[in-house]
Structure formats: C-alpha cells, structure tokens
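Visitor: This is what each chain is made of:
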Amino acid sequence: MQAFLDIFDIYLLEAVINGILLGGVLALLALGLNLIFGVIDVTWICYAELVMIGMYAMYFMVQYYGLSYFIAAPFTILLVALLGALLHYLVIAPLLTAPPINQLLATGGVLFVLQSFATVAFGIDFRNLGIRLPVLAFGDMNFSYARLLSFLAALVGMVAVYLFMTRTFTGTAIRAISQDRQIMALMGVDTKRMYIITSALGGGLAGLAACLLVLQYDVHPFVGLSFGPITFLICVLGGLGNFIGGFIAAFVFAEIISLGGLFSDLEWGYVLAFAFFIVMMFIRPAGLLARRR
Amino acid sequence: MTGQGRLAAWAVGLAALVALPFVYRDPYHLHILVLILIWSFAYTSWSMMGRFGLVSLGHGGFMGIGAYVTALLWNHLGLSPWIGIPVSMVAAGALALVVGYPCFRFRITGHYFVLVTLALSGIVLQVITATRDYTGGSLGYTPNRATTNKLLALQFDDKTTWYLIALAVWLAGIVVWHLIDRSMSRYALEAISEDEDAAAAAGVDVTAEKLKITLISALMTALAGAIYCQYQMFITPDTVSGIAVSLQMVFAAIVGGLFVSLGPTVGAIITILLAETLRIGFGTKAVGWDNLVYGVLLVLFIIFLPKGILGSVLDRLKSQRKVSRTHEQEAVKIAR
Numbered sequence: 001m002q003a004f005l006d007i008f009d010i011y012l013l014e015a016v017i018n019g020i021l022l023g024g025v026l027a028l029l030a031l032g033l034n035l036i037f038g039v040i041d042v043t044w045i046c047y048a049e050l051v052m053i054g055m056y057a058m059y060f061m062v063q064y065y066g067l068s069y070f071i072a073a074p075f076t077i078l079l080v081a082l083l084g085a086l087l088h089y090l091v092i093a094p095l096l097t098a099p100p101i102n103q104l105l106a107t108g109g110v111l112f113v114l115q116s117f118a119t120v121a122f123g124i125d126f127r128n129l130g131i132r133l134p135v136l137a138f139g140d141m142n143f144s145y146a147r148l149l150s151f152l153a154a155l156v157g158m159v160a161v162y163l164f165m166t167r168t169f170t171g172t173a174i175r176a177i178s179q180d181r182q183i184m185a186l187m188g189v190d191t192k193r194m195y196i197i198t199s200a201l202g203g204g205l206a207g208l209a210a211c212l213l214v215l216q217y218d219v220h221p222f223v224g225l226s227f228g229p230i231t232f233l234i235c236v237l238g239g240l241g242n243f244i245g246g247f248i249a250a251f252v253f254a255e256i257i258s259l260g261g262l263f264s265d266l267e268w269g270y271v272l273a274f275a276f277f278i279v280m281m282f283i284r285p286a287g288l289l290a291r292r293r
Numbered sequence: 001m002t003g004q005g006r007l008a009a010w011a012v013g014l015a016a017l018v019a020l021p022f023v024y025r026d027p028y029h030l031h032i033l034v035l036i037l038i039w040s041f042a043y044t045s046w047s048m049m050g051r052f053g054l055v056s057l058g059h060g061g062f063m064g065i066g067a068y069v070t071a072l073l074w075n076h077l078g079l080s081p082w083i084g085i086p087v088s089m090v091a092a093g094a095l096a097l098v099v100g101y102p103c104f105r106f107r108i109t110g111h112y113f114v115l116v117t118l119a120l121s122g123i124v125l126q127v128i129t130a131t132r133d134y135t136g137g138s139l140g141y142t143p144n145r146a147t148t149n150k151l152l153a154l155q156f157d158d159k160t161t162w163y164l165i166a167l168a169v170w171l172a173g174i175v176v177w178h179l180i181d182r183s184m185s186r187y188a189l190e191a192i193s194e195d196e197d198a199a200a201a202a203g204v205d206v207t208a209e210k211l212k213i214t215l216i217s218a219l220m221t222a223l224a225g226a227i228y229c230q231y232q233m234f235i236t237p238d239t240v241s242g243i244a245v246s247l248q249m250v251f252a253a254i255v256g257g258l259f260v261s262l263g264p265t266v267g268a269i270i271t272i273l274l275a276e277t278l279r280i281g282f283g284t285k286a287v288g289w290d291n292l293v294y295g296v297l298l299v300l301f302i303i304f305l306p307k308g309i310l311g312s313v314l315d316r317l318k319s320q321r322k323v324s325r326t327h328e329q330e331a332v333k334i335a336r
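If you're matching them up, the sequences are chains R and C in order.
Numbering-wise, the first sequence is residues 1 to 293 according to the working numbering.
Numbering-wise, the second sequence is residues 1 to 336 according to the working numbering.
Be aware that one or more of the hints could be misleading.
Going by beta-carbon spacing under 8 Å, a handful of chain C positions derived as facing chain R [as the list claims (entries may be wrong)]:
| no. | residue |
| --- | --- |
| 1 | ILE123 |
| 2 | TRP289 |
| 3 | VAL296 |
| 4 | LEU298 |
These are calculated hints, taken from the structure and not from any lab test.
What you are looking at is a predicted structure, and each value in this text was computed from that prediction instead of being measured.
Beta carbons: idealized from backbone N, C-alpha and C, even for Gly.
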C-alpha cells in the first residue's frame with residue numbers, strides 16, 4: 001500500500017489531469033476525421049496539415065494584422081472549412097469510385113503539398129502567437145490556462161456538432177448517408193451537396209482545433225506530423241466512423257502519452273501509445289466499442 | 001518483343017550499365033546514379049507488396065532498422081557490416097512477421113492495414129529519437145571511419161566501387177521481382193487482392209502468402225537502408241525512417257508504375273532528378289519546392305494515371321500492337 005501511495009503522488013495527479021485536458025483537443029480532432037470517414041468513407045491523411053494551415057492563419061491574423069484572438073478565430077474556422085470543401089471538390093470527388101487506397105494516397109499527396117507550401121511560403125521558423133496565458137496553480141499542481149480553455153472549447157465544439165447532427169434536417173441527412181450511401185440518393189437527398197457540407201464541417205472542426213492548438217504550441221510546417229499520426233490511431237482505435245469510440249480512445253491515448261511522459265521522455269510516451277495501438281488492433285480489430293461478430 | 005529479344009536487350013543494357021563508370025568518371029553524376037540505384041531498390045521492395053494491394057506505410061521503419069542496426073553494431077560492438085547487415089535484415093524481418101502475422105490472421109486490410117503500418121513506422125522513428133544517447137537522436141548518426149581494413153568495414157572512398165555495389169543490389173531486386181512475377185505466389189496474391197474469401201475458398205493459404213511477400217519486402221527494404229547508410233556515412237531519423245520516407249516510397253512507386261518491374265526505378269529517376277534540378281536551380285531557396293511538385297504530381301497521377309508513367313506507356317504500346325493485330329485478322333476475314 002505504501003508503495004502504491006509513493007507512486008500516486010501529486011505529479012501523477014497533475015499528469016492525469018493534464019492528460020484529460022490534452023484528450024479534449026485530441027477528441028475534437030478525431031471527431032472531424034471520424035465525421036468525414038463515417039459519411040464519405042475517405043481517410044484524410046492530410047487532416048493535421050489542414051490544422052497546420054489554420055494555425056498559420058491565426059498567427060498571421062493576430063501577429064501581422066493585429067486582430068484580436070476572438071475575431072481571428074471565426075475567420076480561421078471559415079477558412080479551413082473552405083479548404084476542406086475545396087479538398088473534397090478537387091481531390092476526393094474525382095476519386096469517389098476509385099479503390100479506397102487511391103483516395104488515401106491522393107490525400108497523402110495533398111499532405112506533401114500543404115507541408116511544402118507552408119515551407120515555401122512561411123519558412124521553417126517556429127512561430128508563436130506571443131500570447132502567454134497565465135498558469136493556474138491549484139494546490140501544488142500547475143495547469144496551463146490555455147489547456148483548460150482548449151478543453152472547454154473542444155467540449156463546446158463537440159456538443160455543437162452533436163446538436164447539429166441530431167436536431168437539424170441536414171444533420172439527419174448526413175447521418176442517414178453514413179448508414180446507407182446508395183439509398184439516400186433515391187430518397188431525394190443530394191449526396192454531392194451533403195458530401196461538400198460534411199467536408200466543410202470536418203474542415204471547420206480542424207479550424208477550431210487550430211485556434212486552440214496555436215495557444216499551446218509553436219507553429220511550423222511540420223507541426224502536423226507531431227499530432228497527425230496520433231489522430232488517425234485514435235480514430236482507428238475507436239473504430240473508424242464511430243464518434244463515441246473516437247471520443248473515448250482520445251482520452252485513453254492522451255493518458256498514455258501524459259503518463260508515459262511522466263515516467264520517462266515524451267518520446268517513450270508516444271512509443272507506448274503506438275505499441276498499445278498495435279496490440280489493441282489485434283485484440284479488437286474493429287475498434288474499442290465494436291461488437292464481436 | 002520475343003523472349004530472346006527481350007533477354008538480349010536486358011543483356012546489352014546491363015553491359016552498358018556495368019561499363020559506364022569506367023568510361024564516364026564525373027563524380028557528381030556517379031553520385032546521383034548511386035542514389036538512384038539505392039532508392040530504386042528500396043522502391044522496388046515496397047512495390048512488391050504494393051502491387052498486390054498491400055499498401056504499407058511501415059517501410060520507413062524497416063529501412064530505419066536496416067540503417068541504424070548496422071551502424072550501431074559497427075560503432076558500439078565493432079561488428080563488421082558484413083555481419084551487421086544480415087543481423088539488421090533479420091531484425092526487420094522479425095518485426096515484419098510480428099506485426100504482419102496478427103494483421104493477416106485477423107484480416108486487417110485496406111485502411112486499417114495502412115494505419116497499423118503507419119503506427120509501426122511511427123514507433124521506429126520515435127524509438128530512434130528517444131534513444132538519443134546511443135543513436136544521436138534527430139541530430140543524426142555517423143558510422144566510425146575504418147582506418148585499416150576498408151573492405152571489412154564496407155567503406156569505400158571511390159564512387160565506382162559504390163556504383164557497382166548499388167548496381168548489383170538493384171539488379172538483385174529486379175531479379176527477385178521477376179521471380180515472384182513468375183511464381184504461383186503471384187497468382188495467389190492477385191487472387192487475394194481481388195477477394196480474400198474467394199481466394200481462401202479456392203485453396204490459397206491467405207495468411208502464409210501475405211506473410212511471405214511481406215517478409216521478402218521487409219528484408220529487401222532493410223538491406224536498402226543499410227546500403228544507404230554505408231554509402232552516405234550519415235543517417236538521420238528523418239532521412240531513413242518515419243512516415244515521410246514511407247510516403248516517398250509510395251509516391252515514387254506510383255509515379256513510375258506499380259505493376260511493371262522497372263516502374264519504381266523510373267519513379268526513382270524522376271523524383272531524384274527533379275529534387276536535384278530544383279536544388280541546383282534554386283539553391284537553398286528550393287527547400288520545400290521539390291515536395292510541393294511531388295505532392296501535386298502524386299495527386300494528379302492518382303486521379304489521371306493510376307498505372308504510373310511506365311505502366312501507362314507500356315499499356316499504350318501493348319494496346320497499339322493488339323489493335324494492329326486485330327486489323328490483320330479482320331483483313332484476313334475479308335479476304336476469305
């Protein structure tokens with residue numbers, strides 16, 4: 001018992017809570033990706049790069065044009081939503097009938113394009129907003145205010161999407177398409193329009209994530225690679241297209257990374273998370289919440 | 001082309017390739033050729049799996065293991081690369097089996113397979129970065145220079161030797177490709193990529209066939225990594241492992257042509273020449289431009305030319321020949 005108490009110290013509690021806060025943003029990212037996968041049946045490998053572009057947009061609007069953070073945020077969300085719709089229109093739509101692997105690889109090409117576009121246009125310097133939010137001290141534990149804010153904003157974003165999906169006609173149509181692609185077209189739903197709306201919605205969620213991440217992390221062209229892979233793994237672990245599974249998986253992953261980082265380097269937290277993912281794939285191939293067939 | 005004519009063309013082409021460094025000695029151009037040959041070999045290894053619909057993003061991991069295990073054994077244990085390279089290949093092969101077996105056994109295919117292998121290359125990259133006390137982390141790693149026996153250390157100063165080594169390795173890759181192309185495994189794997197259940201019902205051992213091709217592909221990729229390390233004498237986690245390297249393999253193989261033996265080679269020639277031209281043309285300003293062009297090309301190719309450059313050209317030639325043949329037959333019919 002004493003040994004247990006020794007491990008369960010204040011730093012552990014801090015790491016656990018930080019993990020939960022990190023999980024909020026990851027869950028938001030996973031939600032956007034899951035939405036697109038569930039409805040259009042496409043994996044956007046370049047999803048994290050859309051977030052990166054959004055982070056740059058925030059940086060330029062706030063640093064160069066002196067807009068306030070809260071005015072810049074809606075513009076960023078709109079911009080990335082537009083990018084999402086454009087991505088669908090230009091790249092995914094011509095490939096809708098192609099093998100799924102081709103769609104995945106095409107978005108891999110978009111990943112290269114966005115990354116190197118940022119390198120060419122903005123250089124490889126690390127940039128940040130220069131907004132330093134206070135640190136919240138709670139007893140002996142320290143939490144960054146930015147993380148708390150992102151967590152809350154992510155929750156609000158997710159609830160808004162939930163309401164949109166369940167309370168509006170468009171949302172209902174989107175959910176119906178994810179259940180049966182062919183039939184919905186016969187029911188008089190314009191699937192093409194729904195795909196564009198879904199893509200824009202997914203992009204908008206990436207934009208919201210960008211507004212939140214830019215508070216905590218420096219932006220550089222390769223920032224997508226630091227949280228992109230983890231987002232995919234979360235979605236797969238939760239079951240691609242399964243919103244609730246993705247939500248739970250995000251917190252599982254965030255805790256593994258946070259706790260792994262507590263006991264050792266942050267990289268080992270990631271290694272642990274990746275290894276956990278591979279093992280889970282073998283135990284539950286269709287995701288955490290999938291029913292055994 | 002008849003079988004004999006084709007063989008003769010290969011023989012002449014090969015003789016020209018072997019003779020090249022003795023006639024033409026420009027070190028820079030030879031360097032580019034060596035790079036093209038090594039990467040062609042790596043891309044060919046990837047395409048062995050890719051052509052059967054097994055799209056892996058884990059090959060960056062295998063390549064990283066090949067490079068780092070060889071270099072670490074040499075620096076820390078003084079083990080010659082002649083032993084180190086087989087050891088690194090065995091390590092990569094073992095990893096491929098450990099991840100591959102459950103993947104194929106539990107029917108993880110399509111998106112899921114891509115993302116599991118993506119996690120694999122993520123793990124290798126993070127482990128290399130995390131063990132920075134041994135591997136130098138993201139700053140890179142250099143094998144110690146051999147002072148006495150260069151052959152034992154597999155370190156050569158002249159480009160001609162490296163060119164011949166790279167040529168031999170590349171050729172071995174092409175030969176393996178053709179051996180698989182002619183084997184029963186090819187038909188089994190093609191059947192599997194069409195429909196796993198139907199293939200299994202027809203008596204194909206799906207798991208065993210997939211494991212076999214994955215193992216061969218991983219071993220070759222590790223060899224490519226080791227040779228690259230020995231040639232460049234400097235490796236960083238980002239140049240030999242990770243997701244970017246995996247995507248680079250996918251890209252080159254698709255641009256060149258996945259389904260023909262020289263496709264990945266054509267892909268390597270195009271990508272490396274493009275990168276070098278941009279680098280020389282724009283200097284340090286070119287940072288990022290090559291990937292920008294790659295990315296646009298990749299998207300365009302997947303949409304408009306999914307068989308790649310060489311694949312499409314060969315297809316065109318073949319269909320023309322077929323067309324002319326049908327004309328002959330029709331002509332005969334009319335004459336009758």
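Visitor: Which numbered conditions among the earlier hints are violated in the structure presented, ordered from lowest to highest?
Guide: Every hint satisfied by this model.
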